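Chemist: Same order as they appear, the protein sequences are chains A and B.
Take my numbering: the final residue in the first sequence is number 1636, and no numbers are missing along the way.
Take my numbering: the final residue in the second sequence is number 1636, and no numbers are missing along the way.
Keep in mind that the hints are not guaranteed to be accurate.
[Claimed, not checked] Derived coverage of chain B by chain A (criterion: at least 3 residues anywhere in the stretch with Cβ under 8 angstroms from a Cβ of chain A; other residues may be distant):
hint, stretch
1, 1428 to 1442
2, 1483 to 1495
3, 1502 to 1516
[To be verified] Residues of chain A clear of chain B, computed beta-carbon distances all greater than 10 angstroms:
hint, residue
4, Asp1317
5, Arg1533
6, Asp1598
Simulated from the structure, these hints should not be mistaken for lab results.
Keep in mind it's a predicted model, so treat the numbers as computed, not measured.
In this text, a Cβ means the ideal position worked out from N, Cα and C, and glycines have one as well.
Protein chains: 2
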Amino acid sequence: MDTAGGLLLLRRMRLMAFSVGLDRVVEPAGVLPQAAWRLDPRPPIAADEVRIRAERLNLDAASFRQLSEKHGGDGAAVRSEVLEIVRTRGKMHNPVTGSGGMLIGVVEEVGAASPLAVKPGDRVATLVSLTLTPLEITDDLQRWDGRSEQVPAEGAAILFGRSVVGVLPADLPPELALAVYDVCGAPALTDRVVRQYGRTGVTVAVLGGAGKSGSLALTAARLAGARTAGVVVNESERATLSGAGLADVVAVADARDPVEVSRTVTEALGGPATVTVVCVDVPGCEHGAILSTADGGTVIFFSMATSFPAAALGAEGLAADVTMLIGNGYVPGHAAFAVDLVRRVPAVRALFEARLAGH
Amino acid sequence: MDTAGGLLLLRRMRLMAFSVGLDRVVEPAGVLPQAAWRLDPRPPIAADEVRIRAERLNLDAASFRQLSEKHGGDGAAVRSEVLEIVRTRGKMHNPVTGSGGMLIGVVEEVGAASPLAVKPGDRVATLVSLTLTPLEITDDLQRWDGRSEQVPAEGAAILFGRSVVGVLPADLPPELALAVYDVCGAPALTDRVVRQYGRTGVTVAVLGGAGKSGSLALTAARLAGARTAGVVVNESERATLSGAGLADVVAVADARDPVEVSRTVTEALGGPATVTVVCVDVPGCEHGAILSTADGGTVIFFSMATSFPAAALGAEGLAADVTMLIGNGYVPGHAAFAVDLVRRVPAVRALFEARLAGH
């Protein structure tokens, strides 16, 4: 490479380094914000940053479940721990589960060099994880009872240049849009994987099919032409998902029991699935998903409770020729794709609304 | 499904449950052997099992590094801890890294119903992880100094029906074959992914290119038609890999530093890589690999030190449209493919031999 090319490249790299938020990393130095133990959440912004006045956090399901179980459902204790995490780390990054969530709020200030398509006053949802979003909370979460993933909050959050943010659609309540955005990578990636097979007869099993990401993944799979099975944990979820009519077959199994779950999927679809999507937010679902998948098939892991070594060594130990994908929360156009599913399929919208209402 | 079909299916499922070693799981009940805390390693075999007289274990690199660093290089302490792990768990399954390794030995007894193509007296390598292989050690590892991944050992190991085992090739020393088999999933999957792009101009960056899996991945990528860059940790490894001539470009970078590693890859290949292969056995390489990869590209994670949430949330946080694969250690034909590479490319063989000789 010649000198001019080298200088150009170095300038690009400096810009990249800047725009991913390295200047907000307090410790350890040099890592990206998501890997950092602590971020600097102070409100004044740099030229490529955006500051958002937070209105509501949506905690990641695995994170909320871990906190709730740790404190035996004591909401006040859960609230104290969330406040303590944010105070200590400068972000809502659960140190046990490694996961975060998202937030909605109103754009307060946009740096002169920000590439994001937002302006002050826009109501937005952040589509990057809270694990890398500098956050300061100013109301001690007084309006939150600690018993739900949806956390009313006041404070300030920072977005970097290289980020993803969605203006909230005018035709959906903000809580609904946030809940959809939170899992919008799942339907988009499921759609892509099913279409990549490029043939008829593709079958898709979704473990945790009655949940948010699960119901959207089922819907996307069916619209992409697959025959689908939703696997759920109990009779109540079976009734919900069957009633919604979002899967061709609904069956009950414990996703942590590999023999039970693979028998259930094989019976439901007449053979192992072409694609198995894991949307169950508890540890230990890797082996059941692998055993449920046909040779040449694909497992998409969307649960943050997935163990990398359990998946890698499990497939090897089972001599399973399956492609295993780490569910990337970013696919171009994912937010619009998910919102479109909710608009087109009333049963999905009804499922989300019931969940938001606490049913 | 009719009753006859149901009964047939149930019989198939029982057979499967049996052949994956459920009867060897002591606790917790119902999980697969890899997920179990403790296995029953007693030597008498069931009808579909095979017993192997162990000769040598090959510890997983991440596991050996963790043990060695924990004990500050004290070989006797490392040996004691390995013995304690095997005594406690009935398998060599490092509880910190979650990884194991492989072994070579001689087939001692083959159950009447075993589907594996081996007979008593065959010298074999197990191609499934030690994390799911029942193992009893009878010599207290007296011939091992605790300072190398290669562990001379006496004892008995059990293989289940659904397993993978390779008879050692007659033209390669067993230590060499074992070292190659240990990482043989990496070149086979790299080959498959490069060929799936089905076009010219594919570039491949291998982080940890001078190691075992890394040098084989580089070789497979080049033979599949890609232009390759090997990223290594220091000048000594650069000299080794450059001397071997296995990569089109060799560059030095700390794979844990995302900005440095992505700058290095971009400079080496004239742009981000189509495929980035992570073969560095230390935590924290996820973000550098993602930033090094072009939109529409693929990251293959082969390191057991990979963090699932760091990869998933990192890609989302960087708005990176990359496919992220959990490196499956099993690809049909992987062992023969890797041995073929070693036979065809003398420089790869020389690298492995130097590593085995402790250089």
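Chemist: Take the hints in turn and mark each one as holding or not.
Modeler: Right, here's what the structure says about each hint:
{"no.": "1", "hint": "1428 to 1442", "in the structure": "holds (count 3)"}
{"no.": "2", "hint": "1483 to 1495", "in the structure": "violated (count 0)"}
{"no.": "3", "hint": "1502 to 1516", "in the structure": "violated (count 0)"}
{"no.": "4", "hint": "Asp1317", "in the structure": "holds, 17 angstroms"}
{"no.": "5", "hint": "Arg1533", "in the structure": "violated, 8 angstroms"}
{"no.": "6", "hint": "Asp1598", "in the structure": "violated, 6 angstroms"}
This entry does not satisfy hints 2, 3, 5, 6, going by the numbered hints stated previously.
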